[in-house]
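**Student:** If you read the protein sequences in the order shown, they are chains G and D. Per the UniProt record's numbering, the very first residue in the first sequence carries number 1; after that it's consecutive. Per the UniProt record's numbering, the very first residue in the second sequence carries number 1; after that it's consecutive.
To be clear, the hints were calculated from the coordinates, so they are not data collected in a lab. It is possible that some hints are incorrect.
As the list makes no split between identical chains, a pair holds if one copy fits it or if it spans any two.
[As the list claims (entries may be wrong)] Here are the simulated EDC-like cross-link-like pairs (lysine to aspartate or glutamate), alpha carbons at most 16 Å apart as the crow flies:
hint	residue 1	residue 2
1	K92	E119
2	K282	E213
3	K335	D145
4	K335	E345
5	K403	E89
6	K286	D80
7	K403	D52
8	K400	E51
Number of protein chains: 2
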Amino acid sequence: MTAEKILVAQGGGPTAVINQSLVGVVLEARRHASVQRVYGARHGVRGIVNEDFVDLTQETSHNLELVAQTPSSALGSTRDKPDAKYCHEIFKVLQAHGITHFFYIGGNDSSDTVRIVAEEAAAANYGLRCIHIPKTIDNDLVENDHTPGFPSAARFVAQAFAGANLDNAALPGVYLGVVMGRHAGFLTAASALGKKFADDGPHLIYLPERVFELERFLADVKTMHERHGRCVIAVSEGIHDAAGTPILSRLAGDLERDAHGNVQLSGTGALADLLCEEIKNKLGIKRVRGDTFGYLQRSFIGCVSDVDQREAREVGEKAVQFAFHGDRDGSVAIKRRGFYSVDYELLPLAAVAGKTRVMEDEFITPEGTDVTDAFRMYLRPLLGSGMPDAFRLRPNRVAKVLKR
Amino acid sequence: MTAEKILVAQGGGPTAVINQSLVGVVLEARRHASVQRVYGARHGVRGIVNEDFVDLTQETSHNLELVAQTPSSALGSTRDKPDAKYCHEIFKVLQAHGITHFFYIGGNDSSDTVRIVAEEAAAANYGLRCIHIPKTIDNDLVENDHTPGFPSAARFVAQAFAGANLDNAALPGVYLGVVMGRHAGFLTAASALGKKFADDGPHLIYLPERVFELERFLADVKTMHERHGRCVIAVSEGIHDAAGTPILSRLAGDLERDAHGNVQLSGTGALADLLCEEIKNKLGIKRVRGDTFGYLQRSFIGCVSDVDQREAREVGEKAVQFAFHGDRDGSVAIKRRGFYSVDYELLPLAAVAGKTRVMEDEFITPEGTDVTDAFRMYLRPLLGSGMPDAFRLRPNRVAKVLKR
Numbered sequence: 001m002t003a004e005k006i007l008v009a010q011g012g013g014p015t016a017v018i019n020q021s022l023v024g025v026v027l028e029a030r031r032h033a034s035v036q037r038v039y040g041a042r043h044g045v046r047g048i049v050n051e052d053f054v055d056l057t058q059e060t061s062h063n064l065e066l067v068a069q070t071p072s073s074a075l076g077s078t079r080d081k082p083d084a085k086y087c088h089e090i091f092k093v094l095q096a097h098g099i100t101h102f103f104y105i106g107g108n109d110s111s112d113t114v115r116i117v118a119e120e121a122a123a124a125n126y127g128l129r130c131i132h133i134p135k136t137i138d139n140d141l142v143e144n145d146h147t148p149g150f151p152s153a154a155r156f157v158a159q160a161f162a163g164a165n166l167d168n169a170a171l172p173g174v175y176l177g178v179v180m181g182r183h184a185g186f187l188t189a190a191s192a193l194g195k196k197f198a199d200d201g202p203h204l205i206y207l208p209e210r211v212f213e214l215e216r217f218l219a220d221v222k223t224m225h226e227r228h229g230r231c232v233i234a235v236s237e238g239i240h241d242a243a244g245t246p247i248l249s250r251l252a253g254d255l256e257r258d259a260h261g262n263v264q265l266s267g268t269g270a271l272a273d274l275l276c277e278e279i280k281n282k283l284g285i286k287r288v289r290g291d292t293f294g295y296l297q298r299s300f301i302g303c304v305s306d307v308d309q310r311e312a313r314e315v316g317e318k319a320v321q322f323a324f325h326g327d328r329d330g331s332v333a334i335k336r337r338g339f340y341s342v343d344y345e346l347l348p349l350a351a352v353a354g355k356t357r358v359m360e361d362e363f364i365t366p367e368g369t370d371v372t373d374a375f376r377m378y379l380r381p382l383l384g385s386g387m388p389d390a391f392r393l394r395p396n397r398v399a400k401v402l403k404r
Numbered sequence: 001m002t003a004e005k006i007l008v009a010q011g012g013g014p015t016a017v018i019n020q021s022l023v024g025v026v027l028e029a030r031r032h033a034s035v036q037r038v039y040g041a042r043h044g045v046r047g048i049v050n051e052d053f054v055d056l057t058q059e060t061s062h063n064l065e066l067v068a069q070t071p072s073s074a075l076g077s078t079r080d081k082p083d084a085k086y087c088h089e090i091f092k093v094l095q096a097h098g099i100t101h102f103f104y105i106g107g108n109d110s111s112d113t114v115r116i117v118a119e120e121a122a123a124a125n126y127g128l129r130c131i132h133i134p135k136t137i138d139n140d141l142v143e144n145d146h147t148p149g150f151p152s153a154a155r156f157v158a159q160a161f162a163g164a165n166l167d168n169a170a171l172p173g174v175y176l177g178v179v180m181g182r183h184a185g186f187l188t189a190a191s192a193l194g195k196k197f198a199d200d201g202p203h204l205i206y207l208p209e210r211v212f213e214l215e216r217f218l219a220d221v222k223t224m225h226e227r228h229g230r231c232v233i234a235v236s237e238g239i240h241d242a243a244g245t246p247i248l249s250r251l252a253g254d255l256e257r258d259a260h261g262n263v264q265l266s267g268t269g270a271l272a273d274l275l276c277e278e279i280k281n282k283l284g285i286k287r288v289r290g291d292t293f294g295y296l297q298r299s300f301i302g303c304v305s306d307v308d309q310r311e312a313r314e315v316g317e318k319a320v321q322f323a324f325h326g327d328r329d330g331s332v333a334i335k336r337r338g339f340y341s342v343d344y345e346l347l348p349l350a351a352v353a354g355k356t357r358v359m360e361d362e363f364i365t366p367e368g369t370d371v372t373d374a375f376r377m378y379l380r381p382l383l384g385s386g387m388p389d390a391f392r393l394r395p396n397r398v399a400k401v402l403k404r
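With the rest of the complex left out, here is chain G (with noise of 0.2 Å):
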């Protein structure tokens, strides 16, 4: 039995629950008596190239159990996107420190760098097995039912929906939410989960799926609002034009060219405000609010899916698993059975690397602007237990006095 060196990273953007992966493998790499040295290393694929390694072997267990519950990843993250020469490198320095086992915990950019070291040490006949473990707040990994990280993200989304939908019948006005999400509308769709009486908001979701048409869009809020005497909105921060063209560089281009100036707009709100100044200059409505979730709906400490900690601990788990008991790389994937359960596959590394998927048709209404009862079937149990209700007083109407 050959001394075995584990390493492991996460890349990309942080989830809330992309640190139960990281101690999935931890503790199960552990577990096994060939395994000398289980090494992190800090901020993905850049702290591999810097020989920026932690010793995970000298964590307690216990400290792994509480940096499992705590959102973000532990071990830092990076945006780099390795080309070939970069994976060349990751793999000088696998190679340097005797790595036999490289697990990475990432998107569908952190697979195609697994992919990519996985020829290198192929190529020089090297005895490294690799892993991707996905993670994404997208969902937008192919083959996969869903991916850690989303349901979370979901419940976050939908919670916050849930509480502008009161906020907003209670202030009455149009309230409108950017959420992230460039190609893929998993997580705007949502907010749909925040629901519960007929008449509650999202009244109208536009999702990145869809060409967006300002016009139209002007014209669905209005019949909304007419409606209920109130509209609340989710938007994608994706939605673009049939051109493909994003809708925030089309509003804030025009600013541009009206004031003959460098005006810079980039920025996390500009999409909220620019639909929100639309909606006050077209359609007259006067309390119009527009928010950008931003940061919160991946990093927000204290709202997590159950069902999403467990699978993400699993995959963890079961990349260490493949990883001993099989004989090939890959890309671990969440295939659902039955209502509500789950198994695990190792998939090709190909098969994942570098796709990207979006949102079925069957999930979005012929209309585009609302999704699916197949989509509430599909994203329910994802979000866990303990999903905040909310509750309505019942309309027992006082008669008039002074004017019957």
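Add chain D to chain G, keeping to what the hints say.
**Tutor:** Then chain D, alone, in the frame of chain G:
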């Protein structure tokens, strides 16, 4: 024993616990055999002048308890700030419906409304007991240790910054979060309660109680960014220059003059975006992200302080007890006793009405960019039980092989 008729209403911005106060009034009033009816006015004072009442005598205790746990104003709210004429209309309606007890849950504007209505009733020699019940996330009512609604909003802000700090540590750069509170900085200051380790953010806090100077702000950010390799900043929406001009209108104004146009920059995300632009342009820091917490901080469902819930319920109950066992109108106030317990007093309406509390000097450090331990001691018990906690991996560094 005369047949008594209660009217209760909710005014101003909704909070996470304002329905606790409503239900506190209703259930306590319904215990009295002399109480014939408990009415609720929909959408605050506007619902009163419109005679838009619901009969809460016909609501089940069970549903009332569920509504109590639901955020936002279940009766609906209003931004109307009644003048003397409006208050006269209110009084006429109360008189027409034979209302004997008027309870209004709201901030300092609402307490002023109660004061004027009480004067109208006295002038007309009409027997009306008027009680103001405190509520505001701004925590800006004088003579109150704190106000119901503030602790839950403060908890949201603390949790948001605890998470944003972890996110910023994983992907370093500058993160800036804009928090509600035009005149009082309590809610922005609550961001400090998200800190655990000495180098955690927020590293800088900007409050409306201190003059904001852009040059000093940039110098502060530069210093912190150099010290920690990153910087998390909490900014109150109400920051202003020495002349009292809000920074948002100053920065937006500059841009308008530069552009010789009518660029619309009003909107909730603008201040964060503008400050981020300044940091990017003047300090040359690349990764700068700004969030505006917006309505989430007061409406998010599922983030509540149990201490706040309890106290909000009690101010409602106490209001009815003061009304039935006392002999004067007034405003219910929270007084702190020991560490930590509270008691309730009935203050004269004029002692609270229309006045604004800001943060005490002892709560702000001499540099003006952080809070003191006195503030932490003040706020911590209000946040309640079960605050999420963040944990870190310990730094067991691995020796470098290639780059020693």
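**Student:** Go through the copies and call it for K403 and E89: within, between, both or neither, with a Cα cutoff of 16 Å.
**Tutor:** between (80 Å within a copy, 12 Å between copies)
**Student:** As a check of your reading, is K400 near E51 (CA-CA no more than 16 Å) within one copy, between copies, both or neither?
**Tutor:** Answer is between; shortest inter-copy Cα gap is 6 Å, intra-copy 77 Å.
**Student:** Taking 16 Å as the upper bound on the Cα-Cα distance, should K282 and E213 be classified as within, between, both, or neither?
**Tutor:** within (14 Å within a copy, 37 Å between copies)
**Student:** Please work out whether the CA atoms of K335 and D145 approach to 16 Å or closer within one copy, between two copies, in both situations, or in neither?
**Tutor:** within (5 Å within a copy, 53 Å between copies)
**Student:** Go through the copies and call it for K92 and E119: within, between, both or neither, with a Cα cutoff of 16 Å.
**Tutor:** The answer is within: 13 Å in one copy meets 16 Å, while 83 Å across copies does not.
**Student:** Since the copies are identical, ignore which copy is meant and state whether K335 and E345 lie within 16 Å (CA to CA) inside a copy, between copies, both or neither.
**Tutor:** within (7 Å within a copy, 59 Å between copies)
**Student:** For K286 and D80, with the copy left unspecified, which applies at a CA distance of at most 16 Å: within, between, both, or neither?
**Tutor:** between (44 Å within a copy, 14 Å between copies)
**Student:** For K403 and D52, with the copy left unspecified, which applies at a CA distance of at most 16 Å: within, between, both, or neither?
**Tutor:** between (76 Å within a copy, 10 Å between copies)
Every hint, counting from the list given before, is met by this structure.
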